[in-house]
Amino acid sequence: MKKIICESCGHENPEGTVLCGACGKPIENNQHIDGNQSGKLLNMRYEGSARRSQTHNKSIIDKIWNFFSSVKVGVTLIVITLIASAVGTIFPQEMYIPPNVNPAQHYADQYGILGKIYYQLGFHNLYSSWWYMILIAMIGTSIIIASLDRVVPLYKALKMQKPKRHTSFLQRQRLFSKTESVSKEDMETVAAKLKSQRYKLTEEDGHILAEKGRFSRWGPYVNHIGLIVFLLGALLRFVPFLYIDDYVWVREGDTVVVPETDQQYYVKNEEFIIETYDEQDKRYQAAIKKQGGSVPSNYQTDAVIYKASNASVAGEDPELEVVKEGSIQVNKPIKFDGFALYQSSYQLDEFKTMTFKIHETEDEEEEALTSFTVDLTNPEYEYELDNGFRVVIDQYFPEYYLDDGSPASKSKYPRNPAFVFFVYPPNEDSPEVSFAGIGRNVDATGENDYKVGLQNFEVRDVTGLTVKKDYTLPFIALGGLIFMIGVIQGMYWQHRRVWIHPSESGVWLAAHTNKNWYGIKRDIEKAIDGTEVKMVQDQQELDE
Amino acid sequence: MGDLTTISSNLLYLAFILYLIATFVFAGTIRDKRTDSGDSKLGKVAITITIIGFLTQIGYFITRWIASSHAPVSNLFEFTTFFGMMLVFAFIIIYFIYRLNLLGVFTLPVALLIIAYASMFPREISPLIPSLKSHWLYIHVTTAATGEAILAVSFAAGLIYLIKKVDQTKRSKRTTWLEIVLFSIVSTLGFVVVSSIFSGLNYSAEFQFPVEGQEITAEYQLPALAGPNGGELLTGDAMQPWFEAPGWMQGENAARKFNTLLWSIVTGAVLYLLARLILRKRIAAAIQPLLRKTNADLVDEISYRAVAIGFPVFTLGALIFAMIWAQQAWDRFWGWDPKEVWALITWFFYAAFLHLRLSRGWHGEKSAWLAVGGFAIIMFNLIAVNLIIAGLHSYA
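Those protein sequence lines, which keep their order, are chains Z and G.
With the UniProt record's numbering as the guide, the letters of the first sequence map in order to residues 1 to 544.
With the UniProt record's numbering as the guide, the letters of the second sequence map in order to residues 1 to 396.
Among these hints, one or two may not hold up.
As the list claims (entries may be wrong) - Each pair of labels, with its calculated beta carbon distance range:
#1 282(Z) / 28(G): 40 to 48 Å
#2 235(G) / 90(Z): 47 to 55 Å
#3 167(G) / 39(Z): 25 to 33 Å
#4 249(Z) / 197(G): 51 to 59 Å
#5 200(G) / 103(Z): 27 to 35 Å
#6 103(Z) / 219(G): 29 to 37 Å
#7 216(G) / 136(Z): 54 to 62 Å
#8 345(Z) / 219(G): 55 to 63 Å
#9 431(Z) / 219(G): 55 to 63 Å
#10 7(G) / 275(Z): 50 to 58 Å
Derived by calculation from the structure, the hints in this document are not laboratory data.
For each residue, glycine too, the CB sits at the ideal point set by N, CA and C.
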């Protein structure tokens with residue numbers, strides 16, 4: 001690679017350097033790279049170091065590198081993602097529309113023609129669409145390449161810098177002053193006062209560099225590393241064993257296997273509890289009344305977690321050992337062996353059993369001849385009854401509704417059970433067909449001698465628990481932490497430098513900071529206070 | 001307990017008045033011939049009043065906390081009031097760095113408007129639903145609001161810069177946009193004025209209308225310019241709506257909110273036109289001469305510095321703490337809920353702002369426009385997302 005030898009100090013600079021890494025003298029022929037114009041202030045970004053993206057532009061790799069290292073491209077990607085994200089909030093995403101509806105239908109019905117277009121463009125799943133993923137991936141690439149392109153040369157430049165700077169470098173700093181005659185003591189005072197403001201001083205032939213907060217220059221790169229760790233953490237979710245997201249419904253009194261645990265863990269729902277605020281509570285009275293009463297204060301499942309101690313043999317019930325007992329509340333999941341169960345839904349008063357009686361159709365008193373009880377979650381299909389009756393369940397609709405005139409079930413959960421029974425009266429071979437459910441008993445033929453009627457039922461609550469295992473969280477958290485460290489490092493500290501350059505009988509003062517010019521001016525004001533040294537002038541303001 | 005609630009609202013009222021006085025005292029420093037810095041006596045008086053006002057509002061916050069037994073950041077009134085309080089806090093901090101009196105003249109009115117706006121929402125102490133019952137409610141919401149408040153100072157500074165710098169001698173796109181910004185501020189004032197008037201008159205009109213096949217009723221507190229789609233006025237002596245809200249406005253409150261928006265714009269327009277008539281020039285052009293001795297570079301620096309300070313706080317509160325809480329309450333740290341998405345959009349926006357400024361040299365006016373844009377996004381997230389877009393955060 002070609003090297004550029006600085007005419008002034010002899011320092012060897014890599015090709016593409018704009019300002020000599022040691023003395024800062026602008027290198028002729030390269031000034032166009034950072035847009036420097038003679039007589040104007042120097043562009044101090046990245047110290048005028050040689051960046052790959054500004055030097056190579058031949059191979060395809062160069063072109064890709066240059067594309068992603070451009071801040072213009074990075075910002076454009078951010079803005080596109082920003083707009084796309086906003087579009088995704090115009091109508092609810094698919095995950096927020098009611099389940100059990102046809103999305104195509106739903107968007108068209110709810111939001112008209114716009115909703116239909118929204119759906120057809122795939123915006124109802126915008127954030128998991130391939131093109132949104134690509135946008136995020138491109139931002140990630142841009143972060144990596146743009147950072148590498150800058151941090152390496154910047155690090156070298158700051159390491160190489162010398163206290164003795166070229167005059168053209170000093171004169172073209174934003175903050176600059178010339179003092180014609182200054183005593184040696186005054187110059188020492190200024191240096192000492194800068195030191196007392198925690199500047200680090202380095203000296204070369206009486207030229208002094210006072211520097212502080214250089215570490216803040218690495219802030220952007222640190223926060224970018226944090227973002228990359230975060231994005232990689234999010235990618236890890238696609239690794240199966242690192243991330244589990246499942247759901248389980250548990251009825252009160254039931255013990256069921258926790259999904260995705262290889263039949264190892266079981267959860268029992270001892271009781272599901274809903275509590276509401278006391279409507280007489282003086283504090284909240286007015287608000288509760290306004291909201292129409294009954295504000296929930298707690299959703300809770302009292303649960304027991306078991307571990308199956310023997311490897312489950314087919315057909316054999318596992319031996320269960322209590323691992324943990326406690327309540328699962330919103331905001332307070334129960335945790336075991338990397339898994340967490342969250343209180344996330346419930347169903348009140350699901351039917352547990354229904355007891356039916358058989359009576360004569362003619363009997364106005366509806367006196368029970370016999371009765372039978374159906375376990376709704378695990379129904380038997382045949383019932384031999386007293387008095388010689390026999391009942392067979394022909395059809396069972398756990399959540400009954402009429403679909404175009406014919407009975408059907410919305411789900412397998414007994415929320416509104418209904419049955420078609422075959423009732424065999426004593427010593428009869430052909431059954432009578434009866435339809436029975438909540439508030440219904442229909443005689444299909446109109447010729448039945450016996451009627452089936454609901455006598456009694458039991459209900460219980462069901463709790464809905466999310467099953468989560470997420471080993472990606474530590475990565476996500478680490479990414480967030482690194483980002484915060486980096487962003488604070490870069491934002492709350494600044495890299496300030498003051499150059500004290502003796503000239504004949506006087507002194508030149510130049511200063512630069514990457515941000516907060518007001519702060520560095522105050523530092524210098526304090527440092528020159530009581531000396532002959534002139535305050536630096538803000539040459540940018542003079543330009544205007 | 002009732003007493004404590006009364007004390008609490010009185011303290012808030014007092015804080016409001018103190019901010020108002022402080023604004024006028026700060027405005028008085030403009031006339032001060034010598035210098036625009038905190039060394040002037042008047043400036044000291046103004047910042048002292050501001051601090052007393054802030055402490056008073058802290059008093060409101062604490063007493064309300066005790067009265068409700070949870071941090072008062074759980075509904076729109078409480079959150080928005082807190083946001084106003086943190087805006088004053090952010091201003092006090094920035095003031096002690098830069099000692100710019102003029103910043104008070106612009107920041108305090110914004111805080112006043114925000115607090116006034118907040119008090120138009122139901123002010124009853126409301127109980128916490130289960131998902132809000134977590135310490136992260138305090139941690140997340142307060143940090144997020146503080147971050148947004150610091151970013152809002154950047155808006156105030158940006159506005160000063162624009163009013164000072166935009167060439168008012170001839171009409172241009174920039175003057176028009178600047179007037180639009182000022183008009184939005186006036187419209188907020190319009191909303192407060194109109195809501196206060198009709199709430200003072202106890203105005204109420206009930207409508208019955210169909211939503212998703214069910215007939216429901218909703219109460220308007222402002223006369224209906226736009227009635228609900230297919231709605232029927234139930235209250236006898238109330239004004240008949242001039243027209244119906246379009247059918248795609250879903251939900252039981254959509255039409256009412258649309259009506260409120262219309263009223264704000266109409267009142268804002270009236271106030272704005274009055275001001276134009278009196279001033280006989282663009283509002284920004286009328287303010288411009290008052291900013292003659294302001295150092296534009298300093299204002300630009302403040303605007304940028306506020307973003308530099310506010311961005312990390314915002315990230316921590318609105319994204320990181322939010323994710324920790326979401327993980328705990330909803331079993332996922334990120335769920336693309338509209339409020340979350342808009343927090344991300346805000347974050348993207350300020351990230352773009354910082355990159356443009358640091359790497360592409362967008363200083364001065366460009367940077368000031370961005371500061372205004374950022375504030376618009378924050379306000380959109382604060383107000384519009386809660387009121388218009390339904391989601392997990394729409395607890396208003």
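Review point. Using the C-beta atoms of residue 282(Z) and residue 28(G), is the stated range 40 to 48 Å upheld?
Key: holds (45 Å)
Review point. How does the Cβ-Cβ distance of residue 167(G) and residue 39(Z) compare with 25 to 33 Å: does it lie in that range?
Key: About 27 Å separates the Cβ atoms of residue 167(G) and residue 39(Z), which means 25 to 33 Å holds.
**Study point:** Whether the CB-CB distance between residue 249(Z) and residue 197(G) falls inside 51 to 59 Å
**Key:** holds (53 Å)
Exercise for review: Indicate whether the distance between the beta carbons of residue 7(G) and residue 275(Z) respects the range 50 to 58 Å.
Suggested key: Between residue 7(G) and residue 275(Z), where Cβ atoms are some 30 Å apart, the hint is violated.
Review point. Is 29 to 37 Å right for how far apart the beta carbons of residue 103(Z) and residue 219(G) are?
Key: Holds - the Cβ-Cβ distance for residue 103(Z) and residue 219(G), about 34 Å, lies within 29 to 37 Å.
Check your understanding: Would you say the C-beta atoms of residue 216(G) and residue 136(Z) sit inside 54 to 62 Å of each other?
Key -> Violated, since residue 216(G) and residue 136(Z) (Cβ atoms, about 41 Å apart) do not stay within the stated range.
Practice item. Starting from the range 55 to 63 Å, see whether the pair residue 345(Z) and residue 219(G) falls in it by beta-carbon distance. Key: violated (32 Å)
Review point. Per the hint of 27 to 35 Å, is the separation of the Cβ atoms of residue 200(G) and residue 103(Z) within bounds?
Key: violated (47 Å)
Practice item. Could you see if the CB distance from residue 431(Z) to residue 219(G) stays within 55 to 63 Å? Key: Hint holds: Cβ distance 58 Å, inside 55 to 63 Å.
**Study point:** residue 235(G) versus residue 90(Z) beta-carbon gap, inside 47 to 55 Å or not
**Key:** This hint is violated: roughly 34 Å between Cβ atoms.
In this structure, the hints that do not hold are numbers 2, 5, 7, 8, 10, in rising order.
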